[in-house]
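Colleague: Each chain, letter by letter, is given below.
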Amino acid sequence: MRERTWLGEFELMILLTILRLGDEAYGVPLARELSAIRDGDVSVGSVYAALDRLELKGLIASSMGDPSPERGGRAKRYFRVTKEGLHAVRDTRKVLTRLWRSLPVEGGDVA
Amino acid sequence: MKRAWTRALATWLVEHLTFGLTTEALAGDLVEEMQKGRSAGWLWRQVLTAITAGLLNRLRDSAAPLVFCVVWTSLYPGWNLLCRAMLENARPENWETAAWPWSALLPLSYGMVPALAFVWVGFRVYALARPAVVERLTARRVLWGLSASLNVLLSFTVLLLRHFKGSRVDLGALEREDFYSAFHLLWISVPLALSLLAALWSTTMQVPRLGRKQGLRPPKFSAPPARFAQGGPIA
Chain X
1 MRERTWLGEF
11 ELMILLTILR
21 LGDEAYGVPL
31 ARELSAIRDG
41 DVSVGSVYAA
51 LDRLELKGLI
61 ASSMGDPSPE
71 RGGRAKRYFR
81 VTKEGLHAVR
91 DTRKVLTRLW
101 RSLPVEGGDV
111 A
Chain Z
1 MKRAWTRALA
11 TWLVEHLTFG
21 LTTEALAGDL
31 VEEMQKGRSA
41 GWLWRQVLTA
51 ITAGLLNRLR
61 DSAAPLVFCV
71 VWTSLYPGWN
81 LLCRAMLENA
91 RPENWETAAW
101 PWSALLPLSY
111 GMVPALAFVW
121 VGFRVYALAR
131 PAVVERLTAR
141 RVLWGLSASL
151 NVLLSFTVLL
161 LRHFKGSRVD
171 LGALEREDFY
181 SAFHLLWISV
191 PLALSLLAAL
201 WSTTMQVPRL
211 GRKQGLRPPK
221 FSAPPARFAQ
231 GGPIA
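Those protein sequence lines, which keep their order, are chains X and Z.
In terms of the numbering used here, the first sequence opens at residue 1 and continues consecutively.
In terms of the numbering used here, the second sequence opens at residue 1 and continues consecutively.
No lab work stands behind these hints, which were simulated from the structure alone.
Hints should not be assumed to be uniformly reliable.
[Unchecked claim] Taking beta-carbon pairs under 10 Å as the criterion, some of the chain Z residues facing chain X (in silico):
1. 22
2. 23
3. 25
4. 28
5. 29
6. 49
7. 50
8. 53
9. 54
10. 60
11. 61
12. 65
13. 112
14. 141
[Unchecked claim] The calculated label-pair distances, taken between Cβ atoms and stated as ranges, are:
15. Z:56 to X:96: 19 to 27 Å
16. Z:59 to X:86: 51 to 59 Å
17. X:12 to Z:141: 50 to 58 Å
18. X:12 to Z:36: 27 to 35 Å
19. X:96 to Z:137: 16 to 24 Å
20. Z:139 to X:70: 44 to 52 Å
[To be verified] One-sided excerpt, in silico: chain X residues whose CB lies under 8 Å from chain Z:
21. 13
22. 27
23. 45
24. 70
25. 75
Even for Gly, the Cβ is constructed at its ideal location relative to N, Cα and C.
Please model the entire structure based on the sequences and the hints provided.
Modeller: As structure tokens, this is what we get:
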């Protein structure tokens, strides 16, 4: 039986943003997209720290692109969500939806 | 000139102090953003956040093994007493009259055998308590871990013996009873905890594998972003 992984708030946001960005999911666009959606600054460093954790959990996978001069000869690292990552997103979504629906007045006070 | 120097220092710090697996990509991202006109203040905020987040990640990874080692080591006096009864029962009478060097090694076995067994049983208990760890274990990693723990145990025990040589410990006159003294049980806990920590760190250290090496193109995804807008793969 598949072991369930519960995601933290920031981890869930990152997984969804990777899915949203598709082929262009690397550090800077991820931080920029999250900043825009959350309406507040998100640092590239904290995004990478979360990406490290997610990769160690096997929820995302990464691959290196080509090194480029404008990056000082350093390569980009692209991320994609793994099958396990998709399962984790679905499970977390199910639980959150159930919790929202279980509120006395659906979404009432906290809407 | 100053800007180039600042950028070089910032990327060096990111590459050497973030402890992460993404240091090169992170440094590249920062350089790319600076090329697009970000300020030095922005750069230093990113560097500080990256270093702090990396440290917190590392602490979080180390917390479980560290706590386990401290708790497990506190059980050693009980384990040592248990082993004492077993070793005495298993001891053939002629061991007492064995020739040198066996006669000299016998007392040491009262200290080393329980200690080694304790570390290795601790390692097994930790692995059993965390199924995710067992999945990553290979025979090679286990051998490497047990070898590391043995080396650490011996090295730190020798260091302790050297430290107490002459004052509290007489190496030439070690006896079985010395291994059950409160002094021994107190001080041996340091090499024991470090030895177990070495075994756990060296075998459970998580290193993800990169899908591709540098120079290859980024991966192509089967599902384009447009699909996700309709709730595609996560619906």
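Colleague: Each of the hints needs a verdict: does it hold here or not?
Modeller: These are the hints, each one checked on the structure:
1. About 5 Å separates the beta-carbon of residue 22 of chain Z from the nearest beta-carbon of chain X, less than 10 Å, and the hint is met.
2. A hinted interface residue such as residue 23 of chain Z counts as satisfied when its beta carbon comes closer than 10 Å to some beta carbon of chain X; here the least separation is about 9 Å, so the hint holds.
3. At its closest, the beta carbon of residue 25 of chain Z sits 3 Å from a beta carbon of chain X; the interface hint therefore holds under the 10 Å criterion.
4. Interface hint at residue 28 of chain Z: satisfied, since its Cβ lies 3 Å from the closest Cβ of chain X, which is below the 10 Å cut-off.
5. Here the hint on residue 29 of chain Z is kept, as its CB sits about 4 Å from the closest CB of chain X, short of 10 Å.
6. The interface hint given for residue 49 of chain Z holds, since its Cβ lies 4 Å from the closest Cβ of chain X, which is under the 10 Å cut-off.
7. Satisfaction of the interface hint for residue 50 of chain Z is found here, the shortest Cβ-Cβ separation to chain X being roughly 3 Å, below the 10 Å cut-off.
8. The restraint placing residue 53 of chain Z at the interface with chain X holds, with a minimum CB-CB distance near 3 Å, inside the 10 Å limit.
9. Annotation: residue 54 of chain Z was flagged as interfacial toward chain X, and the flag holds, the nearest CB pair being 6 Å apart, inside 10 Å.
10. With its C-beta approaching chain X no nearer than about 8 Å, residue 60 of chain Z sits inside the 10 Å limit, and its interface hint holds.
11. With 10 Å as the threshold, the beta carbon of residue 61 of chain Z comes within range of chain X, its nearest partner Cβ sitting at about 8 Å, so the hint holds.
12. Annotation: interface hint on residue 65 of chain Z violated; nearest CB of chain X at approximately 15 Å, more than 10 Å.
13. Residue-level restraint check for residue 112 of chain Z is violated (minimum Cβ-Cβ distance to chain X is 36 Å; threshold 10 Å).
14. Restraint check, residue 141 of chain Z versus chain X: the minimum CB separation of about 16 Å is more than 10 Å; hint violated.
15. Under the hint 19 to 27 Å, the C-beta atoms of residue 56 of chain Z and residue 96 of chain X, about 25 Å apart, fit the expected range.
16. For residue 59 of chain Z paired with residue 86 of chain X, a C-beta distance near 29 Å fails the hint of 51 to 59 Å.
17. With their beta carbons about 31 Å apart, residue 12 of chain X and residue 141 of chain Z fall outside the hinted range of 50 to 58 Å.
18. For residue 12 of chain X and residue 36 of chain Z, the hinted distance range of 27 to 35 Å is satisfied, since their beta carbons lie about 29 Å from each other.
19. Checked against the given bound of 16 to 24 Å, the beta carbons of residue 96 of chain X and residue 137 of chain Z, roughly 34 Å apart, lie outside it.
20. Separation of residue 139 of chain Z from residue 70 of chain X is about 46 Å and conforms to the stated range, judged on CB atoms against 44 to 52 Å.
21. The restraint placing residue 13 of chain X at the interface with chain Z is violated, with a minimum CB-CB distance near 13 Å, outside the 8 Å limit.
22. The restraint placing residue 27 of chain X at the interface with chain Z holds, with a minimum CB-CB distance near 4 Å, inside the 8 Å limit.
23. For residue 45 of chain X, the suggested interface contact is upheld, since its CB lies about 3 Å from the closest CB of chain Z, less than 8 Å.
24. The interface hint given for residue 70 of chain X holds, since its Cβ lies 5 Å from the closest Cβ of chain Z, which is under the 8 Å cut-off.
25. Among the interface hints, the one on residue 75 of chain X holds; its C-beta lies about 5 Å from the nearest C-beta in chain Z, closer than the 8 Å criterion.
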